[in-house]
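J.: The residues making up each chain are set out below.
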Amino acid sequence: MFERADELMIAYQQGDMDALDQLYLLLKGPIYSFVYRYSRDEQLSIDIVQDTFIKLHRSKHLYEKEKGKISSYLYQIAYRLMVDKLNRRKKWRSFLPFLTSVDQKEVDLADRMSVREAIAALSDVHRPIVLLFYYHDLTHEEIANVLNIPKGTVKSRLHYAIKKLKEELGGEENVSRSL
Amino acid sequence: MSQDPFKNERFLQSKLDEYHVNVPDIPLYLRKKRWERFINYLASPAKNPMEPMVSTINGIMLVKAGPVVCGTVLSVLPVLIFV
Chain C
1 MFERADELMI AYQQGDMDAL DQLYLLLKGP IYSFVYRYSR DEQLSIDIVQ
51 DTFIKLHRSK HLYEKEKGKI SSYLYQIAYR LMVDKLNRRK KWRSFLPFLT
101 SVDQKEVDLA DRMSVREAIA ALSDVHRPIV LLFYYHDLTH EEIANVLNIP
151 KGTVKSRLHY AIKKLKEELG GEENVSRSL
Chain H
1 MSQDPFKNER FLQSKLDEYH VNVPDIPLYL RKKRWERFIN YLASPAKNPM
51 EPMVSTINGI MLVKAGPVVC GTVLSVLPVL IFV
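For the record, the sequence lines run as chains C and H. By the UniProt record's numbering, the letter at position 133 of the first sequence is numbered 133, and the numbering carries on one by one without gaps. By the UniProt record's numbering, the letter at position 50 of the second sequence is numbered 50, and the numbering carries on one by one without gaps.
FYI, nobody ran anything at the bench for these hints, they're computed from the structure. Note that beta-carbon positions come from the ideal geometry of N, C-alpha and C, so glycine has one too. Heads up, some of the hints might be wrong.
What the hints assert, rightly or not - Partial list, derived from the structure: chain C residues whose beta carbon lies under 7 Å from chain H:
| id | residue |
| --- | --- |
| 1 | Tyr24 |
| 2 | Leu26 |
| 3 | Lys28 |
| 4 | Tyr36 |
| 5 | Val49 |
| 6 | Tyr134 |
| 7 | His136 |
| 8 | Leu165 |
Said to hold, decoys possible - Which bits of chain C does chain H cover? Going by a derived footprint, with three or more residues having C-beta under 8 Å, they are:
| id | segment |
| --- | --- |
| 9 | 40–46 |
| 10 | 50–57 |
| 11 | 71–81 |
| 12 | 152–164 |
As the list claims (entries may be wrong) - In the BS3-like style, the derived pairs of lysine-lysine whose C-alpha atoms are separated by at most 27 Å in a straight line are:
| id | chain 1 | residue 1 | chain 2 | residue 2 |
| --- | --- | --- | --- | --- |
| 13 | C | Lys91 | H | Lys7 |
| 14 | C | Lys164 | C | Lys151 |
| 15 | C | Lys85 | H | Lys32 |
| 16 | C | Lys91 | H | Lys47 |
| 17 | C | Lys69 | C | Lys151 |
| 18 | H | Lys7 | C | Lys90 |
| 19 | H | Lys33 | C | Lys164 |
| 20 | H | Lys47 | C | Lys90 |
| 21 | C | Lys90 | H | Lys33 |
| 22 | C | Lys85 | H | Lys7 |
| 23 | C | Lys91 | C | Lys60 |
| 24 | C | Lys55 | H | Lys32 |
| 25 | C | Lys164 | H | Lys7 |
| 26 | H | Lys7 | C | Lys60 |
| 27 | C | Lys69 | H | Lys7 |
| 28 | C | Lys151 | H | Lys7 |
| 29 | C | Lys69 | H | Lys32 |
| 30 | C | Lys55 | C | Lys90 |
| 31 | C | Lys163 | H | Lys7 |
| 32 | H | Lys47 | C | Lys85 |
| 33 | C | Lys55 | C | Lys65 |
| 34 | C | Lys60 | H | Lys33 |
| 35 | H | Lys7 | C | Lys155 |
| 36 | C | Lys90 | C | Lys69 |
| 37 | H | Lys33 | C | Lys55 |
| 38 | H | Lys7 | C | Lys166 |
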């Protein structure tokens with residue numbers, strides 16, 4: 001899928017607008033899922049997906065295939081836009097606390113709730129690493145590029161996040177109980 | 001992947017796999033539609049600022065009686081000042 005995305009990006013850089021449509025169809029889902037799992041805000045996730053492609057359209061000439069896959073490049077744009085937006089919101093909420101939006105929870109799926117809660121309970125520096133590694137199959141190196149941190153930091157944070165998730169979800173406990 | 005720390009975490013994997021995201025239909029725009037976003041923002045669910053107050057009986061009384069007391073005071077005040 002990602003090789004196809006790289007080919008489409010090259011075609012788009014050469015002026016093929018249909019390639020952009022196909023690239024959007026291919027990558028809007030993964031980007032939305034990443035932002036949604038991080039923020040749990042549907043409207044924010046939709047806005048970030050759109051802003052990511054607007055930014056790509058404005059600066060398509062800046063992408064270089066040699067530096068990495070287009071999917072990683074788009075995750076990087078989306079992550080930066082999302083962090084900026086969330087920081088701005090945090091500032092506004094400190095002045096106007098009633099602007100807090102309702103946390104949309106699905107109460108009918110208890111198990112899913114717990115994994116959602118466990119991921120949400122991870123800190124802002126650990127959460128994107130788990131999401132990009134587990135759900136989006138990015139390598140340590142690609143995650144390091146997306147988040148602009150050293151590869152070693154990615155590894156140590158990933159191990160810490162896994163330990164935290166196991167604590168939150170009670171992995172060993174449940175396994176021994178089921179046995 | 002050779003460096004996969006999830007490899008031996010079967011329980012964790014099964015839990016993480018339960019977290020599915022439904023992707024809505026998102027149209028491709030190449031220019032920001034600020035007005036549309038503002039409307040969406042206004043339409044999005046928000047927390048009720050009175051919620052902490054209505055959870056106690058005193059709070060409910062305050063929310064109900066507060067406007068009545070304020071209205072009474074404001075209507076009586078001109079009478080007291082000018083008469």
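J.: Going by Cβ atoms only, is His136(C) closer than 7 Å to chain H?
T.: Hint on His136(C): violated, closest Cβ of chain H at ~12 Å, above 7 Å.
J.: Need the status of pair Lys69(C), Lys32(H): alpha-carbon distance at most 27 Å?
T.: holds (26 Å)
J.: Holds or violated: are the alpha carbons of Lys90(C) and Lys69(C) at most 27 Å from each other?
T.: Roughly 32 Å between the alpha carbons, so the hint for Lys90(C) and Lys69(C) is violated.
J.: Tell me if the straight-line CA distance from Lys33(H) to Lys55(C) falls inside 27 Å.
T.: Given pair Lys33(H), Lys55(C) holds - Cα atoms ~14 Å apart, limit 27 Å.
J.: Between Lys91(C) and Lys7(H), does the CA-CA distance stay at or below 27 Å?
T.: Judged against 27 Å, a Cα distance of about 40 Å means the pair is violated.
J.: Sort out whether Lys166(C) lies within 27 Å of Lys7(H), counting only the CA atoms.
T.: At roughly 14 Å apart (the allowed maximum being 27 Å), Lys166(C) and Lys7(H) satisfy the hint.
J.: Please work out if Lys55(C) and Lys90(C) have their alpha carbons no farther apart than 27 Å.
T.: holds (23 Å)
J.: Between Lys90(C) and Lys33(H), does the CA-CA distance stay at or below 27 Å?
T.: holds (23 Å)
J.: Starting from Lys55(C), check that the Cα of Lys32(H) is at most 27 Å away, please.
T.: holds (10 Å)
J.: Lys91(C) and Lys47(H): Cα distance at most 27 Å?
T.: holds (17 Å)
J.: Taking 7 Å as the limit, does the beta-carbon of Tyr36(C) come near enough to a beta-carbon in chain H?
T.: Hint holds; Tyr36(C) Cβ to chain H Cβ min 5 Å, cut 7 Å.
J.: CA of Lys151(C) to CA of Lys7(H), is that 27 Å or under?
T.: Holds, at roughly 19 Å.
Checked against the numbered hints listed earlier, the structure breaks hints 2, 7, 11, 13, 18, 19, 22, 23, 26 and 36; every other hint is satisfied.
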